[in-house]
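These protein sequences, in sequence, are chains V and W. If you read the first sequence in my numbering, its first letter stands for residue 1, the second for the next number, and so on. If you read the second sequence in my numbering, its first letter stands for residue 355, the second for the next number, and so on.
Derived by calculation from the structure, the hints in this document are not laboratory data. In this text, a Cβ means the ideal position worked out from N, Cα and C, and glycines have one as well. Be aware that a few hints might be false.
[Stated by the list, open to error] Which chain V residues face chain W? A few, computed with CB under 7 Å, are given here:
no. : residue
1   : Thr-17
2   : Ala-21
3   : Gly-28
[Stated by the list, open to error] Straight-line C-alpha distance at most 30 Å; calculated DSSO-like pairs for lysine-lysine:
no. : chain 1 : residue 1 : chain 2 : residue 2
4   : W       : Lys-475   : W       : Lys-451
5   : W       : Lys-379   : V       : Lys-38
6   : W       : Lys-475   : V       : Lys-38
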Amino acid sequence: MPTTVVKSIKASGGDYTTVAAWESSEQGDLVTADEIQKGELYDETYTGLATIDGSTTDATRYMIISVAEGNRHNGTAGGGGAVIDPTGSGHVFEVSDDNFHAEWLRITGWVGTSSEAFRVNNTNFHLDKSIIHSGTVSEQDGVYVGSNSIVLFIKNSIFYSLDRAAVHIQSHQSVTIHVHNCTGWDLTIGAGINNIGFGFDNNSGRDNTGSVVHCDNVTAHTGGSTNVFGGGGATGQEGTVNCTNCASSDNSISTGPFVVEIGVGNLESVTQADQFVDLSTIDLHLKAGADFIDAGIDLSSDGDLPVIQDIDGDSRGVPYDIGADQFVTPMDGWHTEMVFPSIPDPVMLPSGMM
Amino acid sequence: MAELLIKAIDSIHSDPIKDARGSYKRGDVVVVMPNDHLWGREEHPNTTTYSPARFFILKIPEMSVEQMNKYIQVQQDDTGLFDPDGHRVFKIIRRRKFRVHVDALSVSDLKNIEQHGELVKPWAGVRTFVRDKVSGISE
Chain V
1 MPTTVVKSIK ASGGDYTTVA AWESSEQGDL VTADEIQKGE LYDETYTGLA
51 TIDGSTTDAT RYMIISVAEG NRHNGTAGGG GAVIDPTGSG HVFEVSDDNF
101 HAEWLRITGW VGTSSEAFRV NNTNFHLDKS IIHSGTVSEQ DGVYVGSNSI
151 VLFIKNSIFY SLDRAAVHIQ SHQSVTIHVH NCTGWDLTIG AGINNIGFGF
201 DNNSGRDNTG SVVHCDNVTA HTGGSTNVFG GGGATGQEGT VNCTNCASSD
251 NSISTGPFVV EIGVGNLESV TQADQFVDLS TIDLHLKAGA DFIDAGIDLS
301 SDGDLPVIQD IDGDSRGVPY DIGADQFVTP MDGWHTEMVF PSIPDPVMLP
351 SGMM
Chain W
355 MAELLIKAID SIHSDPIKDA RGSYKRGDVV VVMPNDHLWG REEHPNTTTY
405 SPARFFILKI PEMSVEQMNK YIQVQQDDTG LFDPDGHRVF KIIRRRKFRV
455 HVDALSVSDL KNIEQHGELV KPWAGVRTFV RDKVSGISE
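Extracted from the complex, chain W is given alone in its bound form:
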């Protein structure tokens, strides 16, 4: 099982370029951990001192950490340039390429998150809510 730490609120920067590149947004996957990871106080909504909670946990039983690491990718553009070592130069555009469309989840799923701080759901039930931020296409 993989456990995903999902940002529940937007961070905002006044510079729109830096905001997109650096600020985590609601639905961004921050880290992916294996089953039964011991989350920290501020990571789990049931123990955080922050209100509203800044994260919730999404548990996907049949997926591995390696499979879910795809969703912590940044979105970057190929500049077409090369650095002095001859490597391609990529420019980060967004902090995350994908996001979980939290507000499209069902009322019962949202209630689960609110009450328990986490949601256990098979990938088949999650993937339609995981979307590429640019294309809007679901996984």
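Here chain V stands alone, though its shape is the one from the complex:
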């Protein structure tokens, strides 16, 4: 059983003040050391970029960037948590180690054309419970694949107001991406090139041979004119997007290029305002009566990427909802307690008093 080494990253009173310093110090042969190296952010704003590289890892011994309990977002951009809002130009995270994990992050406002929140060059990348939103310029993606033959796992995350894509394979082969219970909103807002929400860019001359994006319980809403689910590639070199119990504001699940509908649980042309709590403040929790409630498939035992919580850590119960949030009724999580008035002990009166 690996030892988890937790280090705090904060402006004052922590082990490190930047993710870059943490990574530079804790990188190494984690397999031999039998360690998970965990860097914990706090409820504050971080402005640096980070490259993850130079470590030896495996599926159980790896580097993870997370947020300390009590400092995590509530599933909305305005709901606290650790915010990464870089000042420099470039990828927020360039991931060149295998098995890197990231969770509970909110990433926004990054700078530079063709820069990504995560540029992933190595396999077994895991992203969970994160909010990636509001890039600043064109050709920016949430997660961009940078190599062939890698596997990515993405769940319980929200992507919104991005110029190009939430999850993007541009021209890489034999890539597999599992996307479970994610929400994309206001995607493909740029008039730029290669726009797509979840999938492959919509230029036809790419070689995406053998690459697949598996979307289960994913909802995507376009802010532009292009498909939110879609494949692409040169003839004979197309990638495929499999949609199972997904939902879209357009009809790209049934008509998007190289999209395969799995089962009968997909929803299309949904009215966005009927699904989410408040689009003016971009609160993408589900509202009562949303079509997405109870419309997902049970992913608790999924062999590739099990899902047991939602964007803000609520437990998912069967039936699953579509999207990053699991709707919680006002009475969920409350315990009813019967309270009886206390009855005083009987008073034994001395004999003869009655």
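Assemble chain W onto chain V, guided by the hints.
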């Protein structure tokens, strides 16, 4: 004033290509911060739990963060290729293009680092020890 967090020990990876590209080496500048930055416990040699210390702090009074950010550049090669968006593709070769040649510092400077975990020195006294890793030429 700029304060530079300098890696004091080598990280090593068994794959030489990944080692050069990903592992920080002694003398690499990790981050640059403004004057009086509150360094974390593991960043400052006087408070770290690691032995030997993994970093020291180099303070350069008359230089700005913007000027010193040059020294956190990676070394990359132009592949001559273009990505699907038409942008040039660069390949990272080394984690840092420059390094501070720590072992060439004077005995008194090294003693300062050992005793105080930091060194305050004007750029004129530092620049000859800041070298391009490939050419070996000092700044």
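For each hint, the structure was consulted:
Annotation: V:Thr-17 was flagged as interfacial toward chain W, and the flag holds, the nearest CB pair being 5 Å apart, inside 7 Å. For V:Ala-21, the interface hint holds, the least distance from its beta-carbon to any beta-carbon of chain W being 6 Å, beneath 7 Å. Hint on V:Gly-28 holds. Least Cβ distance to chain W is approximately 6 Å, under the 7 Å limit. Using a Cα cut-off of 30 Å, the hinted pair W:Lys-475 and W:Lys-451 holds, with the two alpha carbons roughly 22 Å apart.
The hinted pair formed by W:Lys-379 and V:Lys-38 meets the criterion: a straight-line CA distance of about 22 Å does not exceed 30 Å. Of the supplied pair hints, the one linking W:Lys-475 and V:Lys-38 is violated, its CA atoms being roughly 35 Å apart against a limit of 30 Å.
Checked against the numbered hints given earlier, this structure breaks only hint 6.
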